[in-house]
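All chains should be modelled from the sequences, with the hints used to inform the complete structure.
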Amino acid sequence: MATTEEIRADLAEIVEEVAGVDADQVQLDKSFVDDLDVDSLSMVEVVVAAEEKFDVKIPDDEVKNLKTVGDAVAFIERAQG
Amino acid sequence: MPTPATSINPPSGSPNATLLGIGAYRPSRLIPNAEIVEAIDSSDEWIQQRSGIKTRRWATAEETVQSMSVAAAREAIADAGIEVEQVDAVVVATVSHMLQTPAIATAIAHELGTNRPAAFDISAACAGFCHGVALASDMVRGGSAKHVLVIGVEKLSDLTDVGDRGTAFIFSDGAGAVIVGPSDEAGIGPVVWGSDGEQYDLIRQREDWRDVLEQEDPRMPHLVMQGNPVFRWAAFEMAKVAQTTLDRSGITADDLDVFVPHQANMRIIDAMARSMKLPERVRIGRDVADQGNSSAASIPLALHRMIQEGDAKSGDTALLIAFGAGLAYAAQVVKVP
Chain D
1 MATTEEIRAD
11 LAEIVEEVAG
21 VDADQVQLDK
31 SFVDDLDVDS
41 LSMVEVVVAA
51 EEKFDVKIPD
61 DEVKNLKTVG
71 DAVAFIERAQ
81 G
Chain G
1 MPTPATSINP
11 PSGSPNATLL
21 GIGAYRPSRL
31 IPNAEIVEAI
41 DSSDEWIQQR
51 SGIKTRRWAT
61 AEETVQSMSV
71 AAAREAIADA
81 GIEVEQVDAV
91 VVATVSHMLQ
101 TPAIATAIAH
111 ELGTNRPAAF
121 DISAACAGFC
131 HGVALASDMV
141 RGGSAKHVLV
151 IGVEKLSDLT
161 DVGDRGTAFI
171 FSDGAGAVIV
181 GPSDEAGIGP
191 VVWGSDGEQY
201 DLIRQREDWR
211 DVLEQEDPRM
221 PHLVMQGNPV
231 FRWAAFEMAK
241 VAQTTLDRSG
251 ITADDLDVFV
261 PHQANMRIID
271 AMARSMKLPE
281 RVRIGRDVAD
291 QGNSSAASIP
301 LALHRMIQEG
311 DAKSGDTALL
321 IAFGAGLAYA
331 AQVVKVP
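Chain order of the listed sequences is D and G. Counting in the working numbering, the first sequence runs from 1 upward without gaps. Counting in the working numbering, the second sequence runs from 1 upward without gaps.
The hints are simulated quantities; they were obtained by calculation from the structure and are not laboratory data. Please note that a few of the clues may not be correct.
[What the hints assert, rightly or not] From the derived model, a few chain D residues whose C-beta atoms are all more than 10 Å from chain G:
hint, residue
1, Glu6
2, Ala23
3, Gln80
[Said to hold, decoys possible] List time: in silico BS3-like cross-link candidates among lysine-lysine, alpha-carbon distance up to 25 Å:
hint, chain 1, residue 1, chain 2, residue 2
4, G, Lys335, G, Lys240
5, D, Lys30, D, Lys64
6, G, Lys313, G, Lys277
7, D, Lys57, D, Lys30
8, D, Lys53, D, Lys67
9, D, Lys53, G, Lys277
10, G, Lys335, D, Lys53
11, G, Lys277, D, Lys57
12, D, Lys53, D, Lys30
13, G, Lys146, G, Lys277
14, D, Lys67, D, Lys30
15, G, Lys240, D, Lys57
[To be verified] In silico contact screen, one side only, chain G against chain D (beta carbon under 10 Å); selected entries:
hint, residue
16, Gln48
17, Arg50
18, Gly227
19, Phe231
20, Ala235
21, Arg267
22, Ile268
23, Ala271
24, Ser275
Built from N, CA and C at the ideal position, the CB exists for glycine as well.
And the structure:
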């Protein structure tokens with residue numbers, strides 16, 4: 001089972017690919033919209049890629065609750081566990 | 001002795017169909033983002049980032065669904081090198097014809113001077129044009145018609161709430177037309193089409209007309225849309241449909257020259273191209289940046305522009321994919337006329 005840091009690192013790679021944000025910036029306390037400038041359409045792309053990468057389902061109405069990188073990582077951990 | 005069963009003639013058409021010609025009409029009013037941002041408390045920068053749109057075309061009162069269609073049709077007929085009397089079916093894809101009945105197709109057919117052909121409207125929203133091309137191909141191959149005029153036309157400015165942050169900057173007006181006719185080789189591949197009625201409310205006219213009349217202060221039931229779920233469906237589910245469409249035509253992305261997706265939003269176009277892993281050399285229609293989202297007109301307008309600008313050459317292999325309210329979608333591989 002992946003550690004929190006492993007999930008964060010994989011997610012950071014996805015965010016970098018989708019939105020061009022430097023992976024190092026994608027830390028648990030960062031807000032997607034406010035800190036990383038990842039808008040809601042890019043979030044959709046991130047979520048679809050994350051579903052594939054982590055083999056989880058992230059429904060549309062859940063996405064708006066994933067405000068920070070930490071929220072997303074925690075969701076993936078719960079979904080995998 | 002029992003009487004022999006009556007046999008009837010089966011329909012019989014041409015083995016193959018293709019796009020013979022294309023025409024377009026873009027309305028005269030070019031509206032930049034700066035003109036619309038105040039009403040929605042937004043900015044040129046936000047609109048471009050969110051959708052890639054810089055300007056959109058809106059019709060004047062004189063530029064009607066009928067007049068725009070007739071103009072585009074005349075160019076398509078001339079481009080196809082046929083006489084107007086040879087058009088034996090007129091199929092109009094639109095959601096902007098504001099009468100329940102009659103269809104606008106018969107008025108268009110009459111104004112063009114055609115010889116009283118079959119004429120009807122189809123309602124498949126942004127997927128309408130590709131539905132029309134699929135029907136036309138089947139009609140020509142099945143023998144129901146020889147030269148089908150397919151028009152995608154919209155006057156969405158009539159249906160747009162200029163105060164709605166979600167949609168005011170998106171929708172636009174225009175008409176595109178093609179002539180589908182017989183050919184020696186397949187110029188239109190098998191259609192891949194379908195629907196998802198569970199998402200019926202994702203993009204729609206806000207209210208039924210009868211409910212509008214019940215209102216104290218009746219207002220136009222504008223188009224409303226839930227942007228994020230639509231983006232997800234369009235960018236990802238439709239990328240899978242695109243791949244299936246290539247498979248059914250027996251080609252791969254390496255054989256493709258041109259990609260003309262419905263011009264909904266530049267972010268969708270980019271996400272689809274990424275998802276499909278389209279080779280860099282495939283030319284992609286991006287007319288939405290200047291024209292806006294003209295629903296059923298968007299694909300023929302985009303293709304017409306690519307031909308005019310040399311991005312698409314006669315005989316090129318192109319993938320058309322349209323998707324939108326319904327939800328509904330249709331896609332096919334075609335040879336550029």
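Results of checking the hints against the structure:
| no. | hint | in the structure |
| --- | --- | --- |
| 1 | Glu6 | holds (25 Å) |
| 2 | Ala23 | holds (18 Å) |
| 3 | Gln80 | holds (21 Å) |
| 4 | G:Lys335 / G:Lys240 | holds (21 Å) |
| 5 | D:Lys30 / D:Lys64 | holds (15 Å) |
| 6 | G:Lys313 / G:Lys277 | holds (22 Å) |
| 7 | D:Lys57 / D:Lys30 | holds (22 Å) |
| 8 | D:Lys53 / D:Lys67 | holds (20 Å) |
| 9 | D:Lys53 / G:Lys277 | holds (17 Å) |
| 10 | G:Lys335 / D:Lys53 | violated (37 Å) |
| 11 | G:Lys277 / D:Lys57 | holds (23 Å) |
| 12 | D:Lys53 / D:Lys30 | holds (21 Å) |
| 13 | G:Lys146 / G:Lys277 | violated (37 Å) |
| 14 | D:Lys67 / D:Lys30 | holds (9 Å) |
| 15 | G:Lys240 / D:Lys57 | holds (18 Å) |
| 16 | Gln48 | violated (12 Å) |
| 17 | Arg50 | holds (7 Å) |
| 18 | Gly227 | holds (8 Å) |
| 19 | Phe231 | holds (5 Å) |
| 20 | Ala235 | holds (7 Å) |
| 21 | Arg267 | holds (5 Å) |
| 22 | Ile268 | holds (8 Å) |
| 23 | Ala271 | holds (6 Å) |
| 24 | Ser275 | holds (9 Å) |
Violated hints for the displayed structure, listed by number in ascending order: 10, 13 and 16.
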